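Top to bottom, those sequences are chains A and B.
Numbering-wise, our numbering puts 30 at position 30 of the first sequence, and it's gapless, one number per residue.
Numbering-wise, our numbering puts 18 at position 18 of the second sequence, and it's gapless, one number per residue.
Please note that a few of the clues may not be correct.
Stated by the list, open to error - To spell it out: a stretch of chain B is covered by chain A in this simulated footprint if at least three of its residues, at any positions, have a beta carbon under 8 Å from a beta carbon of chain A; those stretches are:
no., region
1, 27 to 35
2, 41 to 47
3, 65 to 73
4, 106 to 114
These are calculated hints, taken from the structure and not from any lab test.
Because the structure is a prediction, the values reported are computed rather than measured.
Don't be surprised by glycine CBs; every beta carbon is placed ideally from N, CA and C.
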Amino acid sequence: MRNILFFVSRPVLSMLLALLLSACVTINIYFPAAAAEKAADKIIGEVWQLEENVEE
Amino acid sequence: MNRVFCRFLLLLIVLLFLPHAVYAGANLEVNTPAITSLKQSMQGRHIQLVNYYENGAVGFTKDGLLALRDANVVPLAKRQVVNGLISAENQDRNLLYREIARANKHPEWEKEIRATFSQRWIKLAKTGWWYQGAGGSWSQK
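With the rest of the complex left out, here is chain B (with noise of 0.2 Å):
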């Protein structure tokens, strides 16, 4: 009775110190090749996005995307190239949260990913940058 009750001490001990070993190691998996990839690809299109960034052509949306805000300051001919980087941005973003999540094994935290980059993206942008408010409606930096 004695070595039972000393079992369930030393297994009472050893949980109550498995939570803090878990906890200790919450830091994000973020060094996979797909993840190292995806940014390579979004590190290359930046240079072009920026120039749409800072005129107010292209905006962070709430759901951590990119979005046309004003296509009127995008002359005719290069609405078409503005177009294809958005898209081709928000294909790369929308890997990168999956992705994430399931470097980390878990796939259920995509959304909340998502929404944690939706507001570093945005507190990171430079003044002048535009971005969607949690209504919808753009404002600027």
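Okay, chain A solo, but in the shape it has when bound (with noise of 0.2 Å):
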């Protein structure tokens, strides 16, 4: 039964681990457009001496 577990859970865990490991790598590599505008407003909003900035 151990030997069963041992030869079925390595390939499984191993495809399991190569799978999360790609995630991290594309969470990474994935353009923050909500962060992106979240900046852009702030720095236009200074750039242009918005007064909604100005609060913040």
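Dock chain to chain to rebuild the complex, using the hints, since each chain is given by itself in its own frame.
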């Protein structure tokens, strides 16, 4: 039984690991659109001295 | 064998939470000395440029820059000044987009950052200011 677990779980676990690792990489490379929009609004607010940004 | 399995399990748990940790930190870095100095330079220029946004001489392009939209509303003597303002502003904007991408250690994000800014400049522009649509034609807010 232990032997079966050993042989079944190793490939399954390696596959899961590979999947998770690729998920990490994907998230890391993915462009953070919402954060970029927030950053753009902040910079534009400062450059144009918009009142909405003064309170922030 | 059991120990190996436990280690795998532990690693799995750690890896499961890792993406969340990375994602939680998804705030763009915009506080570098280079970005601050670009902002200041653009802020000073805006006081002059705003007149030309209002009279429609200058409009916002779809690639996050400025362009001379209607030279006829600018007196001849002032045309060189306006062109100088536009090219200086565009230089700063290009540097700004590149610098934000670099400050966040993803130089390849420059294009997306430019696209985001392009939308936000237009979105935050005041009524009456001109901008370029996706097709390249000018519209007024």
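Going through the hints against the structure:
1. 27 to 35: holds (count 4)
2. 41 to 47: holds (count 3)
3. 65 to 73: violated (count 0)
4. 106 to 114: Since 4 is at least three, the answer is holds.
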